[in-house]
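Chemist: Sequence:
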Amino acid sequence: MEKTEHIDLGTAAARVARLAEGVGDERLGDPTPCPEYAVREVLAHLVGLSVAFRDAARKEFGATTGTPPGSVRPVLADDWRTALPKALDELAAAWREPGAWDGDTRAGGVEMPAAVMGRVALNELVIHGWDLARATAQPYEVSEEELAVSKALLTPAEDAPAEDGFFGPIVPVPADAPLLAQVIGLSGRHPDWRA
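In numbering that gives the first Met the number 0, the protein residues as written are 0 to 194.
It is worth saying that the hints were derived from the structure and are not from the lab. Values in this document were obtained by computation on a predicted structure and should not be read as measured data. Careful: at least some of the hints might be erroneous.
What the hints assert, rightly or not - As a list, the in silico SDA-like pairs of lysine to any residue whose alpha-carbon atoms are at most 20 Å apart:
no. : residue 1 : residue 2
1   : Lys58     : Lys85
2   : Lys150    : Arg118
3   : Lys58     : Arg118
4   : Lys150    : Gly187
5   : Lys58     : Asp88
6   : Lys150    : Lys58
7   : Lys58     : Arg95
8   : Lys85     : His44
Claimed, not checked - Restraint ranges, calculated between C-beta atoms of paired labels, are given here:
no. : residue 1 : residue 2 : range
9   : Thr81     : Asp175    : 41 to 51 Å
10  : Ala194    : Glu59     : 34 to 44 Å
11  : Glu20     : Glu143    : 34 to 44 Å
Every residue gets a Cβ at the ideal spot worked out from N, C-alpha and C, and that includes glycine.
Generate coordinates for the entire structure from the input sequences, incorporating the hints supplied.
Modeler: Spelled out as structure tokens, the structure:
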């Protein structure tokens with residue numbers, strides 16, 4: 000049986016926590032690269048997805064793993080400044096546990112192999128971290144290894160329509176664009192987006 004390569008989500012989780020720490024209350028209503036979300040909704044979504052993917056790693060199924068992400072508009076709780084870093088820490092820790100990457104699991108109401116779900120969790124942190132950084136004018140640095148995981152996940156299958164992406168229509172970028180720009184384009188966002 001082939002062994003699943005485990006990915007440590009700790010760096011991506013810590014990056015998102017640092018970005019969130021840099022968000023002042025006056026920025027919560029600012030626009031983001033997600034047209035339907037202001038900064039507060041991106042932060043709320045990050046809290047929710049951190050809990051959902053933590054529970055997916057633990058194979059603890061219920062409302063946190065069974066609710067599709069678009070079915071409820073994320074609402075930012077008053078305690079988000081403590082809740083988000085805690086949820087991010089727990090998310091990273093859960094995917095380090097034995098068995099987290101084995102078998103099948105569920106998040107967002109979708110069942111898939113845990114080995115794929117862990118990569119989806121990393122991608123969510125990479126993409127929404129970029130959303131948060133871009134919306135709040137913070138620097139964003141992500142490793143080539145993390146970007147390679149996201150690119151592999153977001154690249155449509157050869158038989159899929161070229162414009163269909165994981166998050167919506169793909170934004171074309173030049174083939175020689177930096178890897179981050181390629182990944183952001185595959186996520187349906189414009190790499191040159193500015194608030």
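Chemist: Lys150 and Gly187: Cα distance at most 20 Å?
Modeler: Status holds; Cα separation ~12 Å.
Chemist: Evaluate the given range 41 to 51 Å for the C-beta pair formed by Thr81 and Asp175.
Modeler: 43 Å, holds
Chemist: When you check the alpha-carbon spacing of Lys58 and Arg118, does it fall within 20 Å?
Modeler: This hinted pair holds, its Cα atoms lying about 16 Å apart.
Chemist: Taking only the CA atoms, is the gap from Lys85 to His44 under or equal to 20 Å?
Modeler: Distance of about 14 Å is within 20 Å: holds.
Chemist: Does the hinted range 34 to 44 Å hold for Ala194 and Glu59 at CB?
Modeler: Taking Cβ atoms as reference, Ala194 and Glu59 lie about 37 Å apart, which means the hint holds.
Chemist: Can the restraint linking Lys150 and Arg118 be considered satisfied, given a maximum Cα separation of 20 Å?
Modeler: Since the Cα atoms of Lys150 and Arg118 sit roughly 11 Å apart, the hinted pair holds (cutoff 20 Å).
Chemist: Taking the Cβ atom of Glu20 and the Cβ atom of Glu143, is their distance within the range 34 to 44 Å?
Modeler: 25 Å, violated
Chemist: CA of Lys58 to CA of Lys85, is that 20 Å or under?
Modeler: Status holds; Cα separation ~19 Å.
Chemist: Next pair to validate is Lys58 with Asp88; report whether the Cα-Cα distance is within 20 Å.
Modeler: 17 Å, holds
Chemist: For a C-alpha distance cap of 20 Å, please report whether Lys150 and Lys58 respect it.
Modeler: Roughly 26 Å between the alpha carbons, so the hint for Lys150 and Lys58 is violated.
Chemist: Verify the proposed pairing of Lys58 with Arg95, using a straight-line Cα cut of 20 Å.
Modeler: 13 Å, holds
Against the hints set out earlier in the document, violations occur for numbers 6, 11.
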